[in-house]
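Enquirer: Next come the chains, spelled out residue by residue.
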Amino acid sequence: MVNIFAYFIRYPNSVRSKILGCDLHRLDEGPSVQTVLTREDGLRYYRTMQTMRRMELKADQLYKQKIIRGFCHLYDGQEACAVGIEAGISPTDHLITAYRSHGYTYTRGVSVKEIMAELTGRSGGVAKGKGGSMHMYAKNFYGGNGIVGAQVPLGAGVALACQYQGKNEVCVTLYGDGAANQGQIFESFNMAALWKLPCIFICENNKYGMGTSVERASASTDYYKRGDYIPGLRVDGMDVLSVREATRFAADYCRSGKGPILMELQTYRYHGHSMSDPGVSYRTREEIQEIRSKSDPITMLKDCMISRNMASLEEIKDIDATVRKEIEEAAQFATSDPEPPLEDLCKHIFYNDAPLEVRGTHPWMRLKSIS
Amino acid sequence: YSSSDISDHISVTVRDALNQALDEELERDERVFLLGEEVAQYDGAYKVSRGLWKKYGDKRIIDTPITEMGFAGIAVGAAMAGLRPICEFMTFNFSMQAIDQVINSAAKTYYMSAGLQPVPIVFRGPNGASAGVAAQHSQCFAAWYGHCPGLKVVSPWSAEDAKGLLKSAIRDDNPVVFLENELMYGVPFEMSEEAQSKDFLLPIGKAKIERQGNHVTLVSHSRMVSLCLDAAAVLAKEGIECEVINMRTIRPLDAEAIETSVMKTNHLITVEGGWPQFGVGAEILARIMEGPAFNFLDAPAVRVTGVDIPMPYAKILEDNSIPQIKDIIFSVKKTLNV
Numbered sequence: 001m002v003n004i005f006a007y008f009i010r011y012p013n014s015v016r017s018k019i020l021g022c023d024l025h026r027l028d029e030g031p032s033v034q035t036v037l038t039r040e041d042g043l044r045y046y047r048t049m050q051t052m053r054r055m056e057l058k059a060d061q062l063y064k065q066k067i068i069r070g071f072c073h074l075y076d077g078q079e080a081c082a083v084g085i086e087a088g089i090s091p092t093d094h095l096i097t098a099y100r101s102h103g104y105t106y107t108r109g110v111s112v113k114e115i116m117a118e119l120t121g122r123s124g125g126v127a128k129g130k131g132g133s134m135h136m137y138a139k140n141f142y143g144g145n146g147i148v149g150a151q152v153p154l155g156a157g158v159a160l161a162c163q164y165q166g167k168n169e170v171c172v173t174l175y176g177d178g179a180a181n182q183g184q185i186f187e188s189f190n191m192a193a194l195w196k197l198p199c200i201f202i203c204e205n206n207k208y209g210m211g212t213s214v215e216r217a218s219a220s221t222d223y224y225k226r227g228d229y230i231p232g233l234r235v236d237g238m239d240v241l242s243v244r245e246a247t248r249f250a251a252d253y254c255r256s257g258k259g260p261i262l263m264e265l266q267t268y269r270y271h272g273h274s275m276s277d278p279g280v281s282y283r284t285r286e287e288i289q290e291i292r293s294k295s296d297p298i299t300m301l302k303d304c305m306i307s308r309n310m311a312s313l314e315e316i317k318d319i320d321a322t323v324r325k326e327i328e329e330a331a332q333f334a335t336s337d338p339e340p341p342l343e344d345l346c347k348h349i350f351y352n353d354a355p356l357e358v359r360g361t362h363p364w365m366r367l368k369s370i371s
Numbered sequence: 001y002s003s004s005d006i007s008d009h010i011s012v013t014v015r016d017a018l019n020q021a022l023d024e025e026l027e028r029d030e031r032v033f034l035l036g037e038e039v040a041q042y043d044g045a046y047k048v049s050r051g052l053w054k055k056y057g058d059k060r061i062i063d064t065p066i067t068e069m070g071f072a073g074i075a076v077g078a079a080m081a082g083l084r085p086i087c088e089f090m091t092f093n094f095s096m097q098a099i100d101q102v103i104n105s106a107a108k109t110y111y112m113s114a115g116l117q118p119v120p121i122v123f124r125g126p127n128g129a130s131a132g133v134a135a136q137h138s139q140c141f142a143a144w145y146g147h148c149p150g151l152k153v154v155s156p157w158s159a160e161d162a163k164g165l166l167k168s169a170i171r172d173d174n175p176v177v178f179l180e181n182e183l184m185y186g187v188p189f190e191m192s193e194e195a196q197s198k199d200f201l202l203p204i205g206k207a208k209i210e211r212q213g214n215h216v217t218l219v220s221h222s223r224m225v226s227l228c229l230d231a232a233a234v235l236a237k238e239g240i241e242c243e244v245i246n247m248r249t250i251r252p253l254d255a256e257a258i259e260t261s262v263m264k265t266n267h268l269i270t271v272e273g274g275w276p277q278f279g280v281g282a283e284i285l286a287r288i289m290e291g292p293a294f295n296f297l298d299a300p301a302v303r304v305t306g307v308d309i310p311m312p313y314a315k316i317l318e319d320n321s322i323p324q325i326k327d328i329i330f331s332v333k334k335t336l337n338v
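Chains as they are written, first to last, in our numbering: chain F, 1 to 371; chain L, 1 to 338.
Only chain F is shown next, with the shape it has when bound in the complex (with noise of 0.2 Å):
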């Protein structure tokens, strides 16, 4: 529905916006403070994190249900970070991330619709439900990775390739406050550096590691200075254009070929760790209603927006009608597609290759493989 009286009204078609400054290591200056939000982008992440929110709102339902099985990460409230690194990248680039994986699949290019189905195990799915929750894929997105930790190394890998071919591209590695003990990410981070490959390791600190708090798994929290001599910064990730804003800044210094940088996001998740955790044994419903309240990354975009008259409250209404809509018919796309057919359970085996034998679950089970 089309609200008339929206063309009547004037908004301004960008604000200068003031954001929090980061604080800075190994680096004498910092992305601007001084940014310009368009009504246009300012329009555009809303409705992207709100898509994103409602869709993992759905798999939560969905999951206690039981349509969704296994494993299942959500990212309500870290919405922020997704759409302010892919604002501050271009789709050339590469990017990877761990197993909070939905939304970075979203902004990645792949539609609700397959998200879904994907995680409703169907052949609708992006990976045709061969994958599940943690293993989505599109061009230049290389995951949705479940071991914690092994992204990073590939990431670097990616970086490598992009130094390797010079097409000016960089590679996002993502990683969590829970996996930035891991060693292999400090091997990622020497290598990085010696080669000087174009890699942004992105630190998302959400504050726990699944149940465990980052002062009880880190002798030191500051994530933004654990790359020792790779430069760091550490970001509101509850802030749309804050992230943009270090991200811009953090490509600009890798596509200068100054080698990596690494950026600490701070943001919060609402649920727990998976589906399988309440979230609530470790830290306090206060604490999440106090996130909420205060920090909610769309409610602040969207209080921007109105208070400096980039849009208005009717407009952000339409967008969530239309959102909600899109949610709920991708959310009957994943219900009703079919199972993948028994053909495919031998499929994909091997890229490029004969079709082979694959073994059953008795001798006589003779299954044959094709690409």
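Read the hints as simulated data drawn from the structure, not as lab findings.
A portion of the hints provided could be inaccurate.
[Unchecked claim] Below, in silico cross-link-like pairs of lysine-lysine (BS3-like), each with a Cα-Cα straight-line distance of 25 Å or less:
| no. | chain 1 | residue 1 | chain 2 | residue 2 |
| --- | --- | --- | --- | --- |
| 1 | F | 196 | L | 59 |
| 2 | F | 258 | L | 59 |
| 3 | F | 113 | F | 317 |
| 4 | F | 196 | L | 54 |
| 5 | F | 58 | F | 294 |
| 6 | F | 196 | L | 55 |
| 7 | L | 264 | L | 208 |
Use these hints to put chain L onto chain F, whose structure you have.
Expert: Showing chain L alone in chain F's frame:
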């Protein structure tokens, strides 16, 4: 161990054959590059990559710090993003530090992504027992890697094997674990003119019959093929003709070649350097049990393997920890009941 007309054959060590394969594939495709410890300026810990850094430079031949998990992951990431890395483990013992990247990041990804993300990578290096390097440096990983779907696992024996199979591995669009053998590096073999060509490829997944025979089938891979041939030569003097099969590939296993041979000889012995439990031989025997060749066996199939212990250091102990020619001969005679 040559065959047929030798006028156009030259003698090439396994090391040089591997070096040639690497050189030719680096030249052919600029996406191919080599990384690992000491591969560049040191010319390779075992000199397999000798001369390559001088020829191709820092971009294509990369010395890494001693951080296997990190650089194996970097290699896999590079493969995902369009390059064709060759990741060297100084020995496969060190690959244990990186095994998560080999299995979970490389082997499983094409399947998990339903075909969206191929991983064209080769992991190579010496595998198995060496000489006097003791327990932590002597493990055979053929069974461990051979266990996992999504990987191809190759184990060459001769110079021809080394060259043809490494070239195929590099050209393969999938993760390949390439198990070399340090004690074979210096061994010379006759290489035919065909094998000397830049386009010489051997198919992964096909075994080779190194010696024809009618009385018993000996199946082996890597260095143990030499022992089988030596044992066969001794047994021939007593009128026992062994058919020696060089597996060449651990996974996918060429069960058909083994079955065809067993259906002819009616007797089977597998010979490997690795530990017996859940090993390569165990898999072969299980397959023979489950397949058409079982009814052709005149005696139970048996395995000749390394002793089920960590590798000791003292020479006399080490020598008795791995199969010897006399063990193969003994097993053949027991199986044939002579």
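Enquirer: Measure nothing beyond the straight line between the CA atoms of residue 113/F and residue 317/F; if it is 25 Å or shorter, mark the hint as holding.
Expert: Satisfied, since the Cα-Cα distance of roughly 22 Å is no more than 25 Å.
Enquirer: Within a Cα-Cα threshold of 25 Å, do residue 196/F and residue 55/L meet the stated pairing?
Expert: Within the cut-off at roughly 23 Å; holds.
Enquirer: Is the straight-line distance between the alpha-carbon of residue 264/L and that of residue 208/L 25 Å or less?
Expert: 16 Å, holds
Enquirer: Below or equal to 25 Å on CA atoms is what counts here, so check residue 258/F against residue 59/L.
Expert: With a Cα-Cα distance of about 17 Å, the restraint between residue 258/F and residue 59/L holds, given a limit of 25 Å.
Enquirer: Assess, step by step, whether the Cα of residue 58/F is no farther than 25 Å from the Cα of residue 294/F, and give holds or violated.
Expert: 23 Å, holds
Enquirer: If you draw a straight line from the CA of residue 196/F to the CA of residue 59/L, is it 25 Å or shorter?
Expert: 13 Å, holds
Enquirer: Next pair to validate is residue 196/F with residue 54/L; report whether the Cα-Cα distance is within 25 Å.
Expert: The hint holds at about 22 Å.
Every hint from the earlier list agrees with this structure, and none is contradicted.
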